[in-house]
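2 protein chains.
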Amino acid sequence: MSLDTVLARLDTDLPEAQNRLLDFLRIPSISTDPAYKEDCVRAAQWLVEDLGSMGIEASLRKTPGHPMVVGHVPGDGPHILFYGHYDVQPVDPLDLWNRDPFDPAVEEGPSGPLIRGRGAADDKGQLMTFVEACRAWTAERGTLPCRITFLFEGEEESGSPSLVPFLKENAEELSADLALICDTGLFESKTPAIITMLRGLLGEEVVIKGPDKDLHSGMYGGPAINPIRVLTRVLAGLHDDNGHVTVPGFYDGVPDLSEDLRLQWEGLNFDAMGFLGGVGLSHPAGEVGRTALEMIWSQPTCEINGIAGGYAGAGFKTVLPSEARAKVSFRLVGDQDPHAIREAFRSYVRASLPPDCTAEFHPHGASQASEMATTHPAFEATRKALSEEWGREAAFAGCGGSIPIAGHFKSLLGMDSMLIGFGKDDDQIHSPNEKYDVESFHKGMRSWARILDVLT
Amino acid sequence: MSLDTVLARLDTDLPEAQNRLLDFLRIPSISTDPAYKEDCVRAAQWLVEDLGSMGIEASLRKTPGHPMVVGHVPGDGPHILFYGHYDVQPVDPLDLWNRDPFDPAVEEGPSGPLIRGRGAADDKGQLMTFVEACRAWTAERGTLPCRITFLFEGEEESGSPSLVPFLKENAEELSADLALICDTGLFESKTPAIITMLRGLLGEEVVIKGPDKDLHSGMYGGPAINPIRVLTRVLAGLHDDNGHVTVPGFYDGVPDLSEDLRLQWEGLNFDAMGFLGGVGLSHPAGEVGRTALEMIWSQPTCEINGIAGGYAGAGFKTVLPSEARAKVSFRLVGDQDPHAIREAFRSYVRASLPPDCTAEFHPHGASQASEMATTHPAFEATRKALSEEWGREAAFAGCGGSIPIAGHFKSLLGMDSMLIGFGKDDDQIHSPNEKYDVESFHKGMRSWARILDVLT
Numbered sequence: 001m002s003l004d005t006v007l008a009r010l011d012t013d014l015p016e017a018q019n020r021l022l023d024f025l026r027i028p029s030i031s032t033d034p035a036y037k038e039d040c041v042r043a044a045q046w047l048v049e050d051l052g053s054m055g056i057e058a059s060l061r062k063t064p065g066h067p068m069v070v071g072h073v074p075g076d077g078p079h080i081l082f083y084g085h086y087d088v089q090p091v092d093p094l095d096l097w098n099r100d101p102f103d104p105a106v107e108e109g110p111s112g113p114l115i116r117g118r119g120a121a122d123d124k125g126q127l128m129t130f131v132e133a134c135r136a137w138t139a140e141r142g143t144l145p146c147r148i149t150f151l152f153e154g155e156e157e158s159g160s161p162s163l164v165p166f167l168k169e170n171a172e173e174l175s176a177d178l179a180l181i182c183d184t185g186l187f188e189s190k191t192p193a194i195i196t197m198l199r200g201l202l203g204e205e206v207v208i209k210g211p212d213k214d215l216h217s218g219m220y221g222g223p224a225i226n227p228i229r230v231l232t233r234v235l236a237g238l239h240d241d242n243g244h245v246t247v248p249g250f251y252d253g254v255p256d257l258s259e260d261l262r263l264q265w266e267g268l269n270f271d272a273m274g275f276l277g278g279v280g281l282s283h284p285a286g287e288v289g290r291t292a293l294e295m296i297w298s299q300p301t302c303e304i305n306g307i308a309g310g311y312a313g314a315g316f317k318t319v320l321p322s323e324a325r326a327k328v329s330f331r332l333v334g335d336q337d338p339h340a341i342r343e344a345f346r347s348y349v350r351a352s353l354p355p356d357c358t359a360e361f362h363p364h365g366a367s368q369a370s371e372m373a374t375t376h377p378a379f380e381a382t383r384k385a386l387s388e389e390w391g392r393e394a395a396f397a398g399c400g401g402s403i404p405i406a407g408h409f410k411s412l413l414g415m416d417s418m419l420i421g422f423g424k425d426d427d428q429i430h431s432p433n434e435k436y437d438v439e440s441f442h443k444g445m446r447s448w449a450r451i452l453d454v455l456t
Numbered sequence: 001m002s003l004d005t006v007l008a009r010l011d012t013d014l015p016e017a018q019n020r021l022l023d024f025l026r027i028p029s030i031s032t033d034p035a036y037k038e039d040c041v042r043a044a045q046w047l048v049e050d051l052g053s054m055g056i057e058a059s060l061r062k063t064p065g066h067p068m069v070v071g072h073v074p075g076d077g078p079h080i081l082f083y084g085h086y087d088v089q090p091v092d093p094l095d096l097w098n099r100d101p102f103d104p105a106v107e108e109g110p111s112g113p114l115i116r117g118r119g120a121a122d123d124k125g126q127l128m129t130f131v132e133a134c135r136a137w138t139a140e141r142g143t144l145p146c147r148i149t150f151l152f153e154g155e156e157e158s159g160s161p162s163l164v165p166f167l168k169e170n171a172e173e174l175s176a177d178l179a180l181i182c183d184t185g186l187f188e189s190k191t192p193a194i195i196t197m198l199r200g201l202l203g204e205e206v207v208i209k210g211p212d213k214d215l216h217s218g219m220y221g222g223p224a225i226n227p228i229r230v231l232t233r234v235l236a237g238l239h240d241d242n243g244h245v246t247v248p249g250f251y252d253g254v255p256d257l258s259e260d261l262r263l264q265w266e267g268l269n270f271d272a273m274g275f276l277g278g279v280g281l282s283h284p285a286g287e288v289g290r291t292a293l294e295m296i297w298s299q300p301t302c303e304i305n306g307i308a309g310g311y312a313g314a315g316f317k318t319v320l321p322s323e324a325r326a327k328v329s330f331r332l333v334g335d336q337d338p339h340a341i342r343e344a345f346r347s348y349v350r351a352s353l354p355p356d357c358t359a360e361f362h363p364h365g366a367s368q369a370s371e372m373a374t375t376h377p378a379f380e381a382t383r384k385a386l387s388e389e390w391g392r393e394a395a396f397a398g399c400g401g402s403i404p405i406a407g408h409f410k411s412l413l414g415m416d417s418m419l420i421g422f423g424k425d426d427d428q429i430h431s432p433n434e435k436y437d438v439e440s441f442h443k444g445m446r447s448w449a450r451i452l453d454v455l456t
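Protein chains in written order, with UniProt numbering: chain H, 1 to 456; chain R, 1 to 456.
FYI, nobody ran anything at the bench for these hints, they're computed from the structure. Among the clues, some could well be false.
It does not matter which identical chain is used: a pair holds within one copy or between any two.
Taking lysine to aspartate or glutamate and the EDC-like style, the derived pairs with C-alpha atoms no more than 20 angstroms apart in a straight line are [stated by the list, open to error]:
1. Lys443 - Asp11
2. Lys168 - Asp426
3. Lys209 - Asp92
4. Lys168 - Asp416
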């Protein structure tokens, strides 16, 4: 059976596949920081060349931001689009890494070998699982089993500003029968999962301004308004004592969890205490009366992701600063409207300001939540293929993260998506010491080989 | 009359005095930042050499932190100690300066020439007014009019950790009949003032810790506690809606303003709207029901001087950070006990913490408020000398800033202090573009020459 030869080649070629990934990880393609603009281009170019090395015609496509990479393999059977992103998160605080985040290596971890470096799991390692499956398939069979389009983005970690215009402009070229997206994880690091619910994401930066210059808190402290103090009051008011978000209209469009889904999720026997315990916590901190899985998969949030104001260096400075800023994000579910919530948030902030203070806002992305069409026959076939590879029944799971691409594929290209990934809970994506288990990388490739086999 | 020759020499030598000050300002003696340790030593050495150049025996005296400079001039008549500090504040945000803060120059300002650079007003320019007065006096008369001890500190901007031990160890050497302290300003930039009330200062840094690593807000947002959110709630709770500080026992020891003082302050016709308008504000923001002058001179405050947590760089990062921190300071009046308030603040923070969060505290200085003994005959004599130089009746004023040295001189050395300075409200001390008017510098020297004359 020819699938076996593809799988065998993936086993044999694993060391070379690892080296290719390490090479890719050495490029510091941090999309949110303009200082790394050229590195993002280099990462895109790396992908073009890698696809080219296996005979796939791919090119770097300009956008107002970082480039897209698009590749095409003609063929019969269904047309599949594969999506991943080559950009990565910033790396600070750098001193918490055990190595230079862009000098990756295979390390021996407590549960087997792992690949350490920024992007190892999110998303370079993940997207390469599909690329490696295609490489092995091509090497064994001379071609891929169906028509495949590759789409790699370079702005996923910075709100994807160029994505929607690009999809619109290239709708015909990119519309396929089904999209495969590899940017998610296993359920509890053990069970393969197809994500069927994704939270949306809305990002806002708010800058509170008061005095027109930094002041001395001895000379002005008392009569002069302190923007940090105003900011803390504004932010503290975003939740009530039960963890409920207070922004007016915030819960409009949040659906009740269906009994069916609640039962299915209960059946997963999620280890909430283990999940929290893994990061040094012991109490679910969200809304009172919800299970942890509900909170992550089906409830919206409001989080402060960054705050800065005044003097935060070594020592002390009795400054009364002229401004203070925070980055706030909202995870959205159901039919919550990110644009309405952005306006409601801004109105809330403005209404909370005392005299002499103004607020300035900077938008950072807005995407609605999305739910997958699990009735599509590919879902059940893929579930079986995944179960076979991992020796465990694959789950239809929710996901707390926001992968707006699935919603855009549906609304702009009329295309359903399957989100499958092999990350583990302890991969520390977005954190220092990000890693990807060699097991995830290896079984990930094998999973895609199996999925390509059942889908065609 | 020989005072006239001293004053005339100060007029003639002004250009050289300015050059000496510029030279002194070029040394980046930022005491709070360990990176500038050697520069602090250089600034101390500069003073030793400058005093030496006019025949005053001075030396650099070691402390566990930055060195003290002590100089002695023997003589008859009263023994006067002069105090100033050679360290300066940090300079960030650097991009708001019109020049390199340590490449000072004389610029033409809207109301005459000014000396621009970090430390120009606080306190290098001010301390040099006294040194220049002594230089002219020595040049004209061959000696100073009385016994004078010079004491220059290098840690005033970073909580003076070495000061109290140094005063205790050298109490005999440093005890004089009266201390002169030059680190304050004119009243409303026009009227010479002797400061008779100083607020105390208590500094605390608090670090709220939650998860044991930075998390991804998609994966953990909801059930995982966010330390920034906890910090904003803790800080927002420090004041009630009337601007009253809520820390239990905070107001213990705050005296009522005497009717006498209230009337005297009313007589100063303080232009509160002009004071606020100069920094882009129009509403007194402190406690409801207090005048701006009361708020600055006689009321305590609680201010957040710095806050940091999560990702605050360019772009957006959906991080749920493992910790968040703030620097908080309290200005104290009357008999408020800084140590009791530190404990009460810490208890308040600890009591506000949700499960899974801890707080770590770092103390940054603690000094009580102090009130001067205006009955000392030197006060009235000095007031006359100042009034003569400036052509306006000098005021007995309060001061919002905290100059703990006056309290230490009283409690440790039994010595009364007169605080006299020539800074103006728009000097932007602790801010970008700090400056000192040449008028302040020049009339400051002349003021000290007159004061030395009347005190001896």
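These are the hints, each one checked on the structure:
no.	hint	result
1	Lys443 - Asp11	within (9 angstroms within a copy, 85 angstroms between copies)
2	Lys168 - Asp426	neither (36 angstroms within a copy, 55 angstroms between copies)
3	Lys209 - Asp92	between (27 angstroms within a copy, 17 angstroms between copies)
4	Lys168 - Asp416	within (16 angstroms within a copy, 78 angstroms between copies)
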